[in-house]
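Visitor: Could you build all of it, start to finish, from the sequences and the hints given here?
Here's the letter readout for the chains.
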Amino acid sequence: MDKILLKPDPLAPDALVVLKKMAERKDHQGFAHMARGIEWSRYRPTDLIQAIDLALALDMVQMARELAQTGRQLFPQNERIRCAAVVLSPPVVLETRPSQTHDIEVSHRWMREHSSQYKGQWVAVRGGTFLGSAPTLNALYQHIGLARHDANAIVVRVLG
Amino acid sequence: MARFDPLLINTFAIGSTHYADQYPGDEQNARIVLTVTPEGGHAIPMILDTGAPWCVLDPELAEAWRLTFKEGYKPTRRLTIRGVEYDGSLVRAVITLQVTHGRDLVVEATIFIPELRPGDAWLSPNFLGLDGFLNRLRFAVDAAENAFYFGSADG
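Residue numbers (the working numbering), protein chains in the order written: chain E, 13 to 172; chain R, 59 to 213.
Treat the hints with care, since some could be wrong.
In silico lysine to any residue, SDA-like type, Cα no more than 25 Å apart, as pairs [what the hints assert, rightly or not]:
id, chain 1, residue 1, chain 2, residue 2
1, R, Lys132, E, Ile156
2, R, Lys128, E, Glu91
3, R, Lys128, E, Lys131
4, R, Lys132, E, Lys131
5, R, Lys128, E, Cys95
6, R, Lys128, E, Pro88
7, E, Lys131, E, Ile156
Treat the hints as calculated values from the structure; they're not laboratory data.
Guide: Written out as structure tokens, the structure reads:
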């Protein structure tokens, strides 16, 4: 008898098991079909969290976002789902404001010309002027006494 | 002033900024590296990466700027960053995209902060990802003079 391939049924009792298997196979399309079709109100919040995490591991951000929003409606008291829904919500443009920085271009030029001398180190540059370097960020702060909110200072760990 | 500032600022864009075309220490690869300021911190270089879902921040910076203390979501599964799987947390943080002309743009974004094992070092650049940041922006690049034009996709 020929094997009959059935389309996975999101309403089947073992839908969550199938969803996990699809994630293991990296079947993005099948995962999305199943996840969107599952009646999540029949499941526990922890099941939905598992599905969110599976979607994240597959880089399916929109899917994870949808699941988190579904969870927020179904399980409003669940703190972990609430947290996921907040963190996964789309980015929001808050405001525009007058520029607070200067001389980005000359700092870029300094990085281009000199940063290779500091591989693996943290360096700070302001207005194209080298402020200092150190093996750790905290050591850099101590070394150059950089104000924590100096938006004109560019700080970076130079790749090694 | 960049060549297309008069044409694009206040129409398509709210500002333009000069971008570096390599990340410090990675001279072999051409990139678009923007200067941004995450909340609580200094300006840092971040690579524009439309292939990355999240912004990714060096954990040492995140710790120094206390972003690791913010309410975040830690998936039970590891996330893949540049082909390597990492534990870590997703947090919401405010990122300011700095301009050289026009106005700064302030965005609440989602950032992945890798969690390293004791003794491990983070050896990757900082990234600005698509779903966590870029997809609320409209932007254009003039490679002739390393100019990045940007504005809110909503306005």
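Visitor: Failing hints, ascending?
Guide: Of the numbered hints, 1, 3 and 4 do not hold.
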